[in-house]
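Asker: With these hints in hand, go ahead and build the complete structure from the sequences.
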Amino acid sequence: MTSATLRAHNLRLNPLKCIFGAEAGKFLGFMISRRGIEVDSKQMVTIRQLQAPHNPQEVQSLAGKMATLDMFISRSVDQCAPFFQTLKAGVKFEWNDACEAAFEELKMYLISPPVLAAPKLNEMLFLYLVVLIRAVSAVLVSRENMSEERVV
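Okay, so the sequence shown: first residue is 1 according to the numbering used here, each after it adds one.
No wet-lab data here; the hints were simulated from the structure. Keep in mind that a hint or two might mislead.
Keeping only pairs whose Cα atoms sit at most 27 Å apart, straight-line, the calculated DSSO-like set for lysine-lysine is [what the hints assert, rightly or not]:
id: 1; residue 1: 65; residue 2: 26
id: 2; residue 1: 107; residue 2: 65
id: 3; residue 1: 88; residue 2: 107
Answerer: As structure tokens, this is what we get:
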């Protein structure tokens, strides 16, 4: 089925780079399995070893790393706001206590981030919104039972 569809659209695959029927695997820096999408363990090691930024370029690098993981971070823009304050034009760079606290809190949170699960057919989903002055965040969840929610 898959190969016929690819041939019909004149597409080719490199067999050395293809895996079919795998239970789990890495894709774009994430682990994909039956459980859902998880942050790769190599990224976890990198996050644990992150040092506090010392200049605006390092803050921009940190913001880029957080952007790749923002789907795993609840209210990511709000939590990273102290970092972004240091990047405002005309403001002298200062990594203060609020920045350090937000940085350490994000590192601790990302050591064991949630697993993003695919929704099941005909499953009821709930959308939670958080509206703040500087950000709007949303999360889509499903409920296994009334006490347990899964991020979708």
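Asker: Hint numbers the structure violates, sorted upward?
Answerer: none
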